[in-house]
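Colleague: Residues 2 to 225 (the working numbering) are what the sequence shown spells out, left to right.
I should point out that these hints are in silico values taken from the structure, not numbers from a laboratory.
Restraint ranges, calculated between C-beta atoms of paired labels, are given here: (1) Leu79 <-> Gly207: 29 to 35 Å; (2) Leu57 <-> Thr194: 33 to 39 Å; (3) His202 <-> Arg33: 19 to 25 Å; (4) Thr194 <-> Ala74: 40 to 46 Å; (5) Gly46 <-> Ser134: 31 to 37 Å.
Subject to a maximum C-alpha distance of 25 Å in a straight line, what follows is the list of computed SDA-like cross-link-like pairs (lysine to any residue): (6) Lys34 <-> Ile81; (7) Lys34 <-> Phe108; (8) Lys158 <-> Ala196; (9) Lys158 <-> Ile218; (10) Lys34 <-> Tyr101; (11) Lys34 <-> Tyr100; (12) Lys158 <-> Tyr91; (13) Lys158 <-> Arg216; (14) Lys34 <-> Tyr201; (15) Lys158 <-> Leu94; (16) Lys34 <-> Ser134.
Idealized CB from N, CA, C, for every residue including glycine.
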Amino acid sequence: TLDVNQVVLFPLTDRLTGEVSLQRQDDPRGLRKTTVSIAPVLVIGQYNYVIFRYGLGILDAGLPPATSPDERAVSHGLTIDANRETESLYLNLSVHGEYYPIDGFWFLLPTVAARAPLTERLSLLGRYFFSYSSDETLGNAVLTEFSWPLSDQLSVKAGGTVSVESVRTAGSGSPYNNEWSVTGISGGAYAVTPALSLRYHLEYIGRFGAPDGIRNILVLDASF
Numbered sequence: 002t003l004d005v006n007q008v009v010l011f012p013l014t015d016r017l018t019g020e021v022s023l024q025r026q027d028d029p030r031g032l033r034k035t036t037v038s039i040a041p042v043l044v045i046g047q048y049n050y051v052i053f054r055y056g057l058g059i060l061d062a063g064l065p066p067a068t069s070p071d072e073r074a075v076s077h078g079l080t081i082d083a084n085r086e087t088e089s090l091y092l093n094l095s096v097h098g099e100y101y102p103i104d105g106f107w108f109l110l111p112t113v114a115a116r117a118p119l120t121e122r123l124s125l126l127g128r129y130f131f132s133y134s135s136d137e138t139l140g141n142a143v144l145t146e147f148s149w150p151l152s153d154q155l156s157v158k159a160g161g162t163v164s165v166e167s168v169r170t171a172g173s174g175s176p177y178n179n180e181w182s183v184t185g186i187s188g189g190a191y192a193v194t195p196a197l198s199l200r201y202h203l204e205y206i207g208r209f210g211a212p213d214g215i216r217n218i219l220v221l222d223a224s225f
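Take the sequences, apply the hints, and build the full model.
Modeller: Printed below as a string of structure tokens:
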């Protein structure tokens with residue numbers, strides 16, 4: 002899977018920042034999705050901010066037109082992301098929803114997260130995800146992640162997730178079948194300068210009853 006996301010932030014007023022992003026996602030099945038998003042970021046007080054993001058996505062099934070004349074589908078996504086960040090505490094509450102008009106499919110993804118120090122140099126991030134879609138599929142996942150600095154410029158992290166997806170076995174009203182998966186996470190961040198940092202994320206995905214996978218994420222964060 003290839004996932005490229007480019008984000009640009011620009012100040013509008015003292016308490017309002019604009020965000021524009023372009024994301025491209027390709028997976029091994031031939032599915033390709035391009036999403037253009039815009040968002041105002043509203044700063045409330047010294048430590049709080051809320052993001053209101055709208056994304057327009059174009060999904061390409063990667064099939065020849067003769068095979069699938071309607072291979073392109075449009076999606077509309079909306080995210081409300083509320084955050085509180087201090088030097089020692091991070092709290093997050095967000096809700097993401099997405100709708101595909103071509104077939105009426107939609108899903109909701111609320112999440113809640115917190116990060117707090119355990120010792121002077123070790124912190125713990127916990128995040129809970131819940132999802133529900135129009136085909137009555139339910140999802141629950143818990144992420145835990147430890148991070149600690151090795152120097153002023155270099156930090157590392159390690160953690161994992163446990164998730165379960167509950168799928169109807171034979172349509173609406175039928176019993177649920179639970180599909181479990183686990184992941185192992187490692188990574189690091191290096192601050193080249195105060196305005197330039199590099200982050201790497203490695204994730205092993207273990208699925209019960211399905212092939213395992215590996216995800217690599219490389220992030221370059223630059224401020225101008």
